[in-house]
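Trainee: Sequence:
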Amino acid sequence: MSIKFKREQKTISKCYQVNVFFQSDCVLENIKAYTMIFGLIGLVEELYFLPEDIVDNSDTSAYIRNNGLDIFLRTKMEYEQLKDQLNKTPSLERLTLKMVDESAFEAFEPVPKNKKLIETQPIIKQITKKPIRCFCQTY
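First residue of the sequence shown: 2, per the numbering used here; consecutive thereafter.
Heads up, a few of these hints could be off.
Stated by the list, open to error - Each pair of labels, with its calculated beta carbon distance range:
{"no.": "1", "residue 1": "G43", "residue 2": "S92", "range": "16 to 24 Å"}
{"no.": "2", "residue 1": "L44", "residue 2": "N20", "range": "15 to 23 Å"}
{"no.": "3", "residue 1": "E81", "residue 2": "V28", "range": "27 to 35 Å"}
{"no.": "4", "residue 1": "S59", "residue 2": "E94", "range": "14 to 22 Å"}
{"no.": "5", "residue 1": "D57", "residue 2": "E81", "range": "30 to 38 Å"}
{"no.": "6", "residue 1": "N68", "residue 2": "N88", "range": "18 to 26 Å"}
{"no.": "7", "residue 1": "D102", "residue 2": "D57", "range": "29 to 37 Å"}
{"no.": "8", "residue 1": "E103", "residue 2": "S25", "range": "32 to 40 Å"}
{"no.": "9", "residue 1": "S59", "residue 2": "S104", "range": "31 to 39 Å"}
Said to hold, decoys possible - Straight-line alpha carbon distances no greater than 20 Å define the calculated EDC-like cross-link-like pairs of lysine to aspartate or glutamate that follow:
{"no.": "10", "residue 1": "K15", "residue 2": "E103"}
{"no.": "11", "residue 1": "K77", "residue 2": "E103"}
{"no.": "12", "residue 1": "K77", "residue 2": "E46"}
{"no.": "13", "residue 1": "K84", "residue 2": "E94"}
{"no.": "14", "residue 1": "K77", "residue 2": "E107"}
{"no.": "15", "residue 1": "K99", "residue 2": "E79"}
{"no.": "16", "residue 1": "K15", "residue 2": "E46"}
{"no.": "17", "residue 1": "K84", "residue 2": "E46"}
{"no.": "18", "residue 1": "K99", "residue 2": "E81"}
{"no.": "19", "residue 1": "K99", "residue 2": "E46"}
{"no.": "20", "residue 1": "K99", "residue 2": "E47"}
{"no.": "21", "residue 1": "K89", "residue 2": "E79"}
{"no.": "22", "residue 1": "K99", "residue 2": "D71"}
{"no.": "23", "residue 1": "K15", "residue 2": "E79"}
{"no.": "24", "residue 1": "K15", "residue 2": "E107"}
{"no.": "25", "residue 1": "K15", "residue 2": "D85"}
{"no.": "26", "residue 1": "K99", "residue 2": "D85"}
{"no.": "27", "residue 1": "K84", "residue 2": "D71"}
{"no.": "28", "residue 1": "K84", "residue 2": "E47"}
{"no.": "29", "residue 1": "K77", "residue 2": "D102"}
{"no.": "30", "residue 1": "K15", "residue 2": "D71"}
Please keep in mind that the hints were generated in silico from the structure rather than gathered at the bench. Just so you know, even glycine gets a beta-carbon here, dropped at the ideal spot from N, CA and C.
Please build the complete structure, drawing on both the sequences and the hints.
Mentor: Here you go:
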């Protein structure tokens with residue numbers, strides 16, 4: 002008699018850096034950026050972006066137009082899956098996606114223990130160190 006064990010494979014999270022540019026005739030790039038970020042929430046474990054105040058500051062549209070939207074994220078998605086998801090973004094002109102080492106996230110300060118996070122599944126970390134933060138905020 003033999004017994005076979007099926008070993009479950011653990012999916013390891015991967016770290017990515019994304020730079021996004023929207024079409025030149027696009028207006029309100031900050032709102033497009035917010036929509037894109039919001040669409041990623043259920044797919045990521047950790048998320049940071051620059052410029053930080055895309056919702057509150059309409060001047061960030063000019064920054065995004067000139068420099069693009071920079072996103073750092075941690076997910077279990079494979080490169081091609083993530084690229085396909087990002088390419089569904091309306092008004093997308095071009096994007097650069099690259100895997101980065103986990104050390105890329107060391108620049109981001111974790112939320113202090115005395116601050117409450119909005120709990121989503123998965124939890125998105127709020128960043129208190131400028132210039133980059135996650136858009137989830139405690140109200």
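Trainee: Run every hint past the structure and note whether it holds.
Mentor: Now for the hints, and whether the structure bears them out:
no., hint, result
1, G43 x S92: 16 to 24 Å, "holds (21 Å)"
2, L44 x N20: 15 to 23 Å, "holds (18 Å)"
3, E81 x V28: 27 to 35 Å, "holds (31 Å)"
4, S59 x E94: 14 to 22 Å, "holds (20 Å)"
5, D57 x E81: 30 to 38 Å, "holds (34 Å)"
6, N68 x N88: 18 to 26 Å, "holds (20 Å)"
7, D102 x D57: 29 to 37 Å, "holds (31 Å)"
8, E103 x S25: 32 to 40 Å, "holds (35 Å)"
9, S59 x S104: 31 to 39 Å, "holds (34 Å)"
10, K15 x E103, "holds (8 Å)"
11, K77 x E103, "holds (13 Å)"
12, K77 x E46, "holds (8 Å)"
13, K84 x E94, "holds (14 Å)"
14, K77 x E107, "holds (19 Å)"
15, K99 x E79, "holds (11 Å)"
16, K15 x E46, "holds (10 Å)"
17, K84 x E46, "holds (17 Å)"
18, K99 x E81, "holds (11 Å)"
19, K99 x E46, "holds (17 Å)"
20, K99 x E47, "holds (16 Å)"
21, K89 x E79, "holds (16 Å)"
22, K99 x D71, "holds (12 Å)"
23, K15 x E79, "holds (8 Å)"
24, K15 x E107, "holds (15 Å)"
25, K15 x D85, "holds (16 Å)"
26, K99 x D85, "holds (13 Å)"
27, K84 x D71, "holds (15 Å)"
28, K84 x E47, "holds (17 Å)"
29, K77 x D102, "holds (14 Å)"
30, K15 x D71, "holds (17 Å)"
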